[in-house]
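From these two lone chains plus the hints, build me the complex, please.
Residue numbers (the numbering used here), protein chains in the order written: chain A, 1 to 573; chain B, 1001 to 1435.
No lab work stands behind these hints, which were simulated from the structure alone. Quick caveat: nothing in here was measured; it's all calculated off a predicted structure. Be careful, since some hints might not be right.
Have a look at the derived ranges for each label pair, beta carbon to beta carbon [stated by the list, open to error]: (1) B:Arg1291 - A:Gly144: 17 to 23 Å; (2) B:Lys1372 - A:Arg82: 39 to 45 Å; (3) A:Tyr97 - B:Gly1087: 22 to 28 Å; (4) B:Ile1099 - A:Lys114: 27 to 33 Å; (5) A:Lys474 - B:Asp1351: 31 to 37 Å; (6) A:Glu393 - B:Ala1125: 48 to 54 Å; (7) A:Asp190 - B:Ala1125: 37 to 43 Å; (8) B:Gly1215 - A:Gly101: 19 to 25 Å; (9) B:Ala1125 - A:Lys564: 54 to 60 Å.
Using 25 Å as the maximum straight-line C-alpha spacing, the simulated DSS-like pairs for lysine-lysine come out as follows [claimed, not checked]: (10) A:Lys245 - A:Lys211; (11) A:Lys71 - A:Lys211; (12) A:Lys436 - A:Lys418; (13) A:Lys333 - A:Lys370; (14) A:Lys114 - B:Lys1083; (15) A:Lys111 - B:Lys1083.
Note that beta-carbon positions come from the ideal geometry of N, C-alpha and C, so glycine has one too.
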Amino acid sequence: MKTIDRTPSTDSYLFLLAKSAALISGVFVFLVCCLMVSNHFRMKRVDPIHSPSLERMIRESEANPHDEALKEEIRELDLLARRAFFQSRHFNQTGIYLLLGGLTVFFIALKSLKSATHQTILPPPAGETKNWVHVAQASRRYVGVGAFVLVGATLWLTLSSDLQVADIPLEEEKAPEAEAAAVAVVPSLDEMKANWVALRGMDSLGFAEVKKAPTSWNGETGEGIVWKVPVELPGFNSPIVWGEKLFLSGGDKTRQSVYCYALDDGRLLWSTDVQGVEGEPAEPPRVTNDTGFAAATMTTNGHLVFAIFANGNLAALDYEGKVVWARNLGKPKNPYGHSSSLLLHKDLLLVQFDHNDAASVFGIEILDGKTRWETKREYGVSWASPVLIRTSEVPELITMANPMVVSYNPETGAENWKVECLGGEVAVSGAFQSGKLFAMAEYYRLCAIDMTTHEIVWEVEDELSGVSSPVAGKNSLVIGLGDGSMIARDPATGEELWYEETDFGFYASPVLVGDLIYLMDRSGVMHIFKDAPQFERVGSPSLGEDAVATPAFIGEHIYIRGVKNLFKIGGTS
Amino acid sequence: MIRLHSMTTFLFRVAVLLVMVMGFQAFSQENRFPAPEFESEYTFPETTQPPQEGLFSDLTDVVILTGFLLLACYFVFKTRSRKGLFGLTVASLIYFGFIRQGCVCPIGSIQNVTLSFFDPGYALALSTLLFFVIPLGFALFAGRVFCSGICPLGAIQDLVVLHPIRLPRAVNEGLSMFKYVYFGLAVLFAATGTGFIICRFDPFIGFFRLNANPGMIFFGAGMLMIGAFIARPYCRFLCPYSVLLNWMSRFSKWHLSITPDHCIQCRLCEDSCPFDYIHQPNLDHKPESRRIGLRRLNVLVLAVPLLMLLFGWVGSVLAEPMAQLNHTVALVEQILDEPEGATEPSTDSVDAFRQSGQSWDALLATANSIRKKFYVGGWLLGLFIGLVFGLKWIRLSLSWSRKDYEPDRGNCLSCGRCFQACPNDKENLLISQGV
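Bound-form chain B, shown alone (with noise of 0.2 Å):
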């Protein structure tokens, strides 16, 4: 049994590094072509622009990620120290946020992979291929060390977590499949070319770049003060790459160990994670009657195509509303809705669309396999979903025995906030000799 689970668990890992080689084929596409240049009276003030930072910078960005990293392992499986990760919580902030502005991360290059698959014209920058695969490579191997610090988008809300509460294991496991669909979301959204809208409604990109408009600085403000009390809430309900990284965690070969030697089962680390990732041990528990848990994981199993149908068919009565959002088809919309005999634009992209010289019979081709797209993502989108609450459901139903208190391999933040309440950790015992 044990030998069939690693076998499952290395031929995983195997196909995770096959795709995500394979991903690198798409960063050696052309480029785009050069924008058009339109001839006027006018005379266009010199454009000034910061010294391109090259190939050379992007990598510098991928290398002190690659080092952040391991230094995250290094604190997190040698020292065990919350107070390392701390400062590399802090460093990254600064590095990751406000120096390099929040771009590229991770959590946004899940758009230009998407877009690279579906857009043959897209070109793909190795950086951000990097930066979409080490994050998982390392999750792969070592558990969300990429988010006990080093996420800027994590760091800023964890560095202001002042009294968290608990919200009920329920509620948490409710909220969480919210980060789902925001997933399927981006994918669809990326794939069909409408746009990239984690990048759109990241919270905290305001802040990093000292610039955004009052919506998304309000909204990012919120998000702190609500993560004062529910720490870190936009990685734990919101974050769409969080999704990939659990999947990888799942599997990781390491993983963050909340007492360096063996529980003394002293249930001081019960309540330590401010985010309720740490599972109890429950072999004392009542366990439920086996043929009512077997009656309902039955239905459950034969309930989840039928989930996966309902989500599909409402992913494709959603796929038209979804369209609208493309711009293509929002012009498309705007043209038909002007009314007949009409001489001036309605909008601005009217006019613009007017004054290019593309035809009616091309724009419409146009929108209308867009709108195909999204009738067919909205269908994939629902599956998705569906499979993923029902595979949800099936989870909660099956009955998992622990001994231990041990974090949640898939969600645990590698945080290290667990090991201050360990007595069995290193630090926490010479404090007890009073060294």
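Pulled out of the complex, with its shape left as it was, chain A reads as follows (with noise of 0.2 Å):
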């Protein structure tokens, strides 16, 4: 709009507060947009949600689970983290009010100045206007350069510049590395530590992460029980359970199979069996009744189970039972028949596979079930299972038989250490407690062992298990033996703390839960007692049928396999 006689009534009270309104709300608007971009860059630049001192605690910690001081600075450092970024968060969110407000004062403020001015319109001078062939043409000019920028633009930003994307290789023409690149599923440890994943929990020691579980049920009236449901094939090895599902392996002389089960009420979800893999041997092997031909416990990483049979049958399935690869390490020659559990670690199944004509550690890729190392051993036939021991960054996979205890790197499966300690049929797996390994072979031996100097600590040779495997807690490192009765020890001094008898033999393992430790005789009864220098019994619940396995404690529940079915216990039925 043209106008003229432009006279402002700058003597009004009126024009000067919007004058003035103007121009302090104009400053201030500047001052907050400083503010904010300054707020801005500060946090891009800290970052505290990333600080780098923080992530090197949590991998230290990662290396180290129990360090309880190093949780609680870790804790400290990311609520200050998080207060700094929420500030910062706060600052912008009062800063975008303020911005809000002063742009608002400020445009209403520039509004009444121009309206106390006082406009008369008036046409544009004759003569102002352009032909519009001009007008055209100029027009043209500019929608062609407009266009010519665009495609210059485009190219020079594509062609000049790192926005190329990787060339991925199509489904038609996938390259040999396409496959190589497939990743594992590697699951954090705290995923492995809210399930059971392993013979005796995450690293087979015995340590179960709840700290309470049921003391009192009774299979016969069916008191606690929750559900009860029956296995088809027998087997001594314990479930596991990840998530929603629980699985256990059974066998004979004919089928190895491996189950799934709903946890919430039992149901059978589906059986595979694992048969026909290349290499498996036309004859089974001998095992004996006590054995059997599915003793080792399997193994999960969350998306795959893996379970060993006595025929040497390695196998992966998803959680639909599909079989995703399998394999045979050989037939084991072994009197009694296989029974080393599987572990894991990261994207590498490890698996001690001790017989006679040949011994060997592995780390076998999840993905695959190709081999990444393979440590040979000249230890002749063990049962024991590997457990990991978690002290440094890397942690050791701890391995028994006679006469040696190996640690191995298992990344790598180079050997770190050993000690001549073992004798006889070693079949009980390591204990672990305040820097001690502990390690037993029936009619030899029971032996500590310092991690950090490799030297025997002390040692024991009377009231030693054969098949049960010890656990230590803070004040007692208990034995179940063969003949029925517990035995206590000094985990600092071997000592005998205290020594109970009861009717049965122990089989399964004992598991620390809290401070109680959970050690179920071979008749289904469960001694309850705690870990402390006295035997103080909490209860004897009975199953109500015979138990060989290792119960697996989930959140405020107990999984225990029976020789004939599979309960749960804790809660209503």
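Set out below in structure tokens:
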């Protein structure tokens, strides 16, 4: 609009007020903008949520999961970081309010100033109007320039910068690298802890992550039993649990299977036979009745479950029961039958395969079953299961065999150290507490090895177990013996703390749950007592049938495999 | 000739209405499956959510939108009231902007509607579809009354226009081409499921929600500051919905007129439009030589296919970098870029993918399918932009005779500022008579 006679009424009070408001609000908006920009760049530079020191401490904590002081330090630092982050967000939020308010005042003041001027609309001076032919000509030129700038800028951006994407192979021309780039699912330590992924818990050391479990039930009357379902094929392996599914294996001379049950109601979701594996022996190996064809406990990463059987078949199945891969490690020459359970470390399946003609420890790719590393051993047959001990960034894989306790790097298979302290038939797995590893062989000895110096701290030669592995609490090292007696020793000195006799022997291993120890005898009676220098019994509920497998502890429930049935214990039926 | 024009206009309106009605099939699709549940020992805090607004609230918005559009028509055609339109602008800014927080808006609904056509698993809400269709329907009959003051993005810009500078017409025409590019990109990114870029780069949503990252806030504040001098820059040069409104409004049955009576050629309205959307009479202008004009027109008509091919090729070249913006394609690239033997995931996305248990083959197949879509989409986008530029050139080469001052039917935002300049306007007549 053409205007003339702009004579603002500058002496008006409202005009001066609007002018002052415009000036003040303009300066205010500018200052708010400056502060917001400053805060933005400061937070980008500091980035408290991804603080390197916090990430370093988290890595340290993963390597030392029992370091409570470190955990507390991490929590405090994390809280500080979060506070800083949310304070910045709050600052930004307040800035938006102030900016919007300032802009509103600014524009209202300027509009008021404009309306205070007297305006008379007049037509533009004659001759100012441009000929439309020239306007159209200029417009065509600008549109043309715009088109070619667009083309040029696009090509320049595309061809001269790093915006080019990597050469992703198409399906029909899939490069071999694409297969190699397939990634394995590596569960976090927290996920592993939240589930029951192996014999005697995550690292096979007999520690339950839950702090409390049921202490009374009666398998005969059904009291405290949520459900009870039969298991088709026999097996001495323990149940493992991930999420809402429970897995176990069973087998006889003709058939070996993996079973998956629903955790909530015990429904059998699927069962899959693991048979016809390439290299599988035509004649099954000889096994004794108290070992069987499915003595080794399975393991899982939350996406695949892994099982090994007495004929050397090793298989990975997905959670729908489909065999993803299977291979045979060779027919084990073993007077009782293969019983070493499986363990998992990151994307590797760890297998201790000690037999008369060949003994090895394997690191097997969980994705495809290929051997990443194999370390030969010269110790002959053993039945013990490996354990993982996390005292450094890379945990140690501890194996027991006659005559050596050997520590390996689970990522490479390299031997870390070894201590000669075992003899006879070695079937008992290790226990660990306060820097000491406890190794035992029946009719030979029980010794405590310092994990730092790798020296034997103490040793005893009586009251030893042949099958049931020990568990080490803060106050007692508990052993269930084959003759039915239970003994507790001082983990520091090996001195006997207490000795109790029961009617039946022990095959299942004890598990430490909070400050209680659960140890089930072969008749299915669970002996529950405190991890204390004196024997303090808490309960002795009975399953109502014989049991030899170590139970699994998840949430508020215990999952026990009897010789015939699988039980869920705790709560109401 | 007149009959032929009327028939063409009628057929166009029928075709547009048919397309709009066809869009209704999309909202009946099933909802997405619920989010997965995760199990851990961590006790999640109890989730508190505001009560669901439901269909009633959504349809209330639709009713209010329709009511506002009818009011705008009343102010534009019946009372010719700039004040009424200004009041509507303020009301709309408060309701659709600050109360409804700018969502759902017809501009962003372009993406929802596009995605519903390309992703059978995407459920399009009825209210979203209506928000997309209703302003276009009004534009088809009454011009861009939606832009007059109902669009909250337009409203906030309209209120800050202080001292509009008239850009040269040629610059105006050049800058207005950006909205076609933006429109094409928004459709392509929505169709491939890559993202809703219109919402992501909405300059004013941070103000409406009083919460946004500083980048968005500064972008919005900058746009408002520019808008004080270059009126409604987002609407004129960037708004993708204005592409559709422009097409509809060109064929509108009725449209805002500067004068309620015959034009007396007083020239008072000549500079009244801050957007420069008033065409001047040109009967007295010296015309261009017919021979030159025809030759240029022939060249341009022949050049359009070449221009389309050039842009199509450029679009196909740009397809790969654009595909990189898709999260699935980006994830594949991150995995391929990881050093051999790396044990730790390089990014959170890679980590999440590994945790998910999804197979690499499936991921690769999805990524490649998206890349192919971008390749085809890149060509189509390029052809579209080439066609738009070509048609613009042709349009600027044609002679349009005008004997009166007229608003640009496609671009006019129906803001009513020109009413105040026309001495024939009823209100102005009353003022001139001292009433």
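Structure-based check of all given hints:
| no. | hint | verdict |
| --- | --- | --- |
| 1 | B:Arg1291 - A:Gly144: 17 to 23 Å | 22 Å, holds |
| 2 | B:Lys1372 - A:Arg82: 39 to 45 Å | 43 Å, holds |
| 3 | A:Tyr97 - B:Gly1087: 22 to 28 Å | 26 Å, holds |
| 4 | B:Ile1099 - A:Lys114: 27 to 33 Å | 29 Å, holds |
| 5 | A:Lys474 - B:Asp1351: 31 to 37 Å | 35 Å, holds |
| 6 | A:Glu393 - B:Ala1125: 48 to 54 Å | 52 Å, holds |
| 7 | A:Asp190 - B:Ala1125: 37 to 43 Å | 38 Å, holds |
| 8 | B:Gly1215 - A:Gly101: 19 to 25 Å | 20 Å, holds |
| 9 | B:Ala1125 - A:Lys564: 54 to 60 Å | 56 Å, holds |
| 10 | A:Lys245 - A:Lys211 | 21 Å, holds |
| 11 | A:Lys71 - A:Lys211 | 18 Å, holds |
| 12 | A:Lys436 - A:Lys418 | 14 Å, holds |
| 13 | A:Lys333 - A:Lys370 | 23 Å, holds |
| 14 | A:Lys114 - B:Lys1083 | 17 Å, holds |
| 15 | A:Lys111 - B:Lys1083 | 15 Å, holds |
Checked against the numbered hints above, the structure breaks none of them.
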